[in-house]
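Construct the complete structure from the given sequences, taking the supplied hints into account.
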Amino acid sequence: MVLGLVVPVVVLGGFAIAFLMREQVVSAQHENMLVARTTRSKVQGKMAEPLQLAHAQAEIMQNPAFTTPDSRSAALKRAAEGSFAVDALMLTDSNGLVIAEGIDPGPSQYPGKFLGLDSSMRNGFAEAMRTHVAVWSDVFVSTITGNRSVSLVDPMDSGEALIVEVSAASFTDPLYQLRNNGESRVSILSGAGVVLYSTDQDLADTAADLSGLTIIRDARAEGEATDIYRYSGQRRLGSAVRVDETGWIILASREWNGVQATAQTLIAFLVLAVSVMVFGAALLARRLARAFGAPVEELTSDARKLAAGEYLKSPRVSRYRELAELADSMHTMSDAVLERESRLRASEERYRFLVESLRGVLWEYDVEADRFVFVAPQAGEMLGYPASAWTDLASWGEKVLDSERAGVLAARADGISEGYPHEMVYRMQAADGDVLWVRDVVSVVQEEDGPPRLIGVILDITAERQSESNRVAAQVAEDASRTKSVFLASMSHELRTPLNAIIGFSTVLAKGMVGPLSEEQERQIQMINDAGRHLLDLVNEILDLSRIEAGRVDIVAAPFEPSQLAAEVAELVQPLVRGDSVSLSIETTGAPESLLTDRERLRQILINLVNNAAKFTEQGSITLAVTSPDELSVAFAVKDTGCGISKENLPLLFREFGRLGVPAVEANGTGLGLVISQGYAKLLGGLITVESTLGQGSVFTLTLPRALPPESGTVS
Amino acid sequence: MTRRRITRTQDLGFIPDGHGNTHDEGVLAIRYCRMSAEKAGWVLAQSIRFRRESLLCLVLCVAVVLGASISACSNSKPIHIGYLGGLTGGAASLGLEGREGVTLAIDAINEAGGIGGRQIELIVRNGSQDATTAKKAVRELVEEGCVAIIGPMTSSLAEPVAAVAAEEGIAVISPTVSTDEMTGRADAFFRVYPDNSSAARELASIVKKRPGVTTISVLYDTSNSAHTVTWMDYFSTAFEATFPGGVLARVPFASENAIDFQQLASQVALGNPNALLILANSRDTGLACQRVRATGYDGLIVTSEWSSTEDVIAHGGHSVEGVLFLSTFDRDSTYQAYLDVAARCESRYGHELGFAGVHGYECAQILATVFETSTERAAVLAQLSAPATYDCIQGSLELDAHGDVVRPYYLSTVSEGKLVGVR
Chain A
6 MVLGLVVPVV VLGGFAIAFL MREQVVSAQH ENMLVARTTR SKVQGKMAEP
56 LQLAHAQAEI MQNPAFTTPD SRSAALKRAA EGSFAVDALM LTDSNGLVIA
106 EGIDPGPSQY PGKFLGLDSS MRNGFAEAMR THVAVWSDVF VSTITGNRSV
156 SLVDPMDSGE ALIVEVSAAS FTDPLYQLRN NGESRVSILS GAGVVLYSTD
206 QDLADTAADL SGLTIIRDAR AEGEATDIYR YSGQRRLGSA VRVDETGWII
256 LASREWNGVQ ATAQTLIAFL VLAVSVMVFG AALLARRLAR AFGAPVEELT
306 SDARKLAAGE YLKSPRVSRY RELAELADSM HTMSDAVLER ESRLRASEER
356 YRFLVESLRG VLWEYDVEAD RFVFVAPQAG EMLGYPASAW TDLASWGEKV
406 LDSERAGVLA ARADGISEGY PHEMVYRMQA ADGDVLWVRD VVSVVQEEDG
456 PPRLIGVILD ITAERQSESN RVAAQVAEDA SRTKSVFLAS MSHELRTPLN
506 AIIGFSTVLA KGMVGPLSEE QERQIQMIND AGRHLLDLVN EILDLSRIEA
556 GRVDIVAAPF EPSQLAAEVA ELVQPLVRGD SVSLSIETTG APESLLTDRE
606 RLRQILINLV NNAAKFTEQG SITLAVTSPD ELSVAFAVKD TGCGISKENL
656 PLLFREFGRL GVPAVEANGT GLGLVISQGY AKLLGGLITV ESTLGQGSVF
706 TLTLPRALPP ESGTVS
Chain B
4 MTRRRITRTQ DLGFIPDGHG NTHDEGVLAI RYCRMSAEKA GWVLAQSIRF
54 RRESLLCLVL CVAVVLGASI SACSNSKPIH IGYLGGLTGG AASLGLEGRE
104 GVTLAIDAIN EAGGIGGRQI ELIVRNGSQD ATTAKKAVRE LVEEGCVAII
154 GPMTSSLAEP VAAVAAEEGI AVISPTVSTD EMTGRADAFF RVYPDNSSAA
204 RELASIVKKR PGVTTISVLY DTSNSAHTVT WMDYFSTAFE ATFPGGVLAR
254 VPFASENAID FQQLASQVAL GNPNALLILA NSRDTGLACQ RVRATGYDGL
304 IVTSEWSSTE DVIAHGGHSV EGVLFLSTFD RDSTYQAYLD VAARCESRYG
354 HELGFAGVHG YECAQILATV FETSTERAAV LAQLSAPATY DCIQGSLELD
404 AHGDVVRPYY LSTVSEGKLV GVR
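For the record, the sequence lines run as chains A and B. If you're matching positions, the first sequence starts at 6 in this note's numbering and goes up one per residue. If you're matching positions, the second sequence starts at 4 in this note's numbering and goes up one per residue.
Keep in mind that the hints were calculated from the coordinates and are not lab data. Small disclaimer: the values here were computed from a predicted structure and weren't measured. For each residue, glycine too, the CB sits at the ideal point set by N, CA and C. One should not assume that every hint holds.
Unchecked claim - Estimated spans, in silico, between C-beta atoms of each pair:
hint	chain 1	residue 1	chain 2	residue 2	range
1	B	E143	A	L289	56 to 66 Å
2	A	R240	B	T392	40 to 50 Å
3	A	N262	B	A404	40 to 50 Å
To be verified - Residues from chain B that face chain A, not an exhaustive set, calculated with beta carbons under 8 Å:
hint	residue
4	L90
5	T91
6	G93
7	T106
8	V127
9	R286
10	Q293
11	A297
12	I316
13	A317
14	H318
15	H321
16	R351
17	Y352
18	G353
19	G420
What follows is the structure, given as structure tokens:
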């Protein structure tokens, strides 16, 4: 900004100064030259007079009235006296001998001074006679006046010549006039360049030799010259003109420094003005720059921040509307960019999450470039190869199991050439050598202006394939179990009938209703009865269980009091408990008031649980606690201080046919008890859970809803 | 940046390619925004930086403008030589011509690079014929910084100039001073011109050898008696040593404006001497010769060198043909240096390089040689005070310990209107 102000001003200033200087110089040159020319004109004017005189006298000499030397001399004398400038007039014959003379009376009053003298060698004589033109001589010291003089030799038609001697000083009047005039110094120089006369005293005194100056040489050669020359350590502006008559040079000069001084004053003034202006401009510009600069710098740094990814927080405030608007725009841009970026980032994260969460390896392949553009990082986990191992199709082919490779590659090529989505199942070899079954699900993408690409997912189906056989076996087992249950259920009747006979008849016999029995007979019949009952229990349990499995258990829901039920159960089991070392108690403080569920089944479960507790508790206590864990459920907890159950055996509890091997206890149960209980519990919408510590005791907890939901079973 | 057009997955706003590249318009926009912001920031930063640069520019511009108006000083100081001679008045020709010779020499030296890169500058003072003026001039020249002075040209100024020179400790070397008073003096005065006695004796011996010359009359200018009277006496003594009483008449005159040469001519022609010795300036000599010849006298006319400038022809016309002029330089010299300088003199000044010019040139050459060693005034004086041989325009010149010279003589004459040498 400042540069824009300063440079033009300085350049203009420079031009102005240069122009003014030139103008000064040119005007000084003109003035100088004018002086030189004017002086020349005046000098030439002075020279005209002797010439006219010579011509006049030449004519007179030819006048028949003037034939004698005396008359001629007299005429010449009169002429010399009559002319201020002319000191002497001489008439020579064609050989240069002076035949008449006229001398201006002055210091020399000596007549006949020149008569008879050979003037042929006088400077200019030979030339004048040869060219028949009046010729001015060089300056010489006159023998008449002792002054510096020049003579004009004017050849006459008659072959004679008229010589006019003139004091050189007469030509210097113009100089005297100039002496007080202005700055120019004017000098008259001889043809060689030696000062004859000058307005400058020193030049005149020393008859200064200016012949070496270029300006003089130029003026001698060309008639006029202007130059700046150095003389006496001073630079001068000079104009020189040649006086053609005598070959003299008239030099008008002035101090160059004087010329320059004027220009310099101007320059100094201009420079001052320019400097002031420039400094003023600079100051102003600085002010402006500062006013703009600070907010602009702020905006600049904001822009940079934005470029670096930092988002702008608070908007900048500026005095200038435009800057304020700019600042606002930048903030709007920043916000927009921020929003876009966060959206993009969210999108990126979402898709990255999806891709990386897939339990399959997502991949993309550029058909034309034969390059895998993308392979999901799961490839490393699944196959043990880094992402860099996936380059071209061949690199994938290598990872396919050797035996299948050819077929797989062919299949892929087909898929590519057909351009339809396809699926392949094959085996791959992991980096550690493991063989995996994979399913490769591929779709083909064709861009408008690009090459076709394959996008696929490689899924590991190894486990699937392996568990296939397991599943079938399990299915078979389940089917078998189901068949069995159905069989048992239908066999129940067949089993029960003989059992009832056994029990029935043995009871009748034991009671003596058929005849008296001996003691031994009674005992043995009782044993048959017990065995029969035991078998009937077992059959019942098996049938119960099978009914449960077949899903053919009727649930009858009726309201009843749980605490009453608990008491009933306790009473029933009491005899089985070792009365002296084990105490059986019930807790019904937290029990709900009533339940709406199948009482009979519940009773069965509870009896089973308490029975088990009694079986396995040597000493301590057995507690049946009825609680309300929440508003909708009820819990029956059977807590005992028995031998407990180990962790390994816990999972076996609710399994069919799995009895705990507890050596000391001869359990009467068939082992189906807990399984049936759990089955009933589930039918009632509940669950039996167990906590146990080996050697300390167990807690079996039955939790079920207080009210059976209407869908399960039948509500009466 | 590649931009992909997705045909099947248009709703995807973002597709990672596993290599970290993103192909999305939104991201592109951000990148363009960033680039633009960076550029804008750069431009703004530049314009702010200009503030500092502008001040520097300003300072430079002002400095240049101011500097333009300051003129450069010249680097090398010139060597100043003074010139003292009569430049105005009747005897000005000697002073002017001597100066011409000096100027030609100095210009030649300066053109060749000067002395040790320094130019020689001539400071000129008009000695006129006035001792007081001359002495003042010497002091002025010393004040101007001259390290040596060439001059004076006339013997009458020799003594006063030498005295002041000795005071100021500045060497003064004269091209044309001939007074015997300066001979054999160990002082600050040196010259390349033989003294009158030796010159007179030389001419006397030449004249004596001329066949048929046993008598001679002398016409002499009393206004330069230091030269003319000494000359006349030594000449007479030498001449009368061979031809006793051979000097018939001694006719004095005072050079001024109204000399009746006709009367003088008849006086000097009295007794019809075999030869005539004229001791006068060239103008007077010329006129005298005319009048002498007009009397019918046809004997030998001889002169000292003083007469031998071209003026003698202008004023003497045909009457000076055959006049013998004693010369201290060879007008027939074939030295290329001399011929070059003579040509230059003719073209620059329009006349021949006469004896004054030749000797002026020689003085400048001697000083230049001395300057090679030192340009200190005292050293110059000391060096000139020692006898030495110098290479000059017409061969070597030997200056003795007193600053006097012994040099060969020649004869000149006028032949067909020109001064020429005589074998």
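Quick check: which numbered hints come out false for this structure? none
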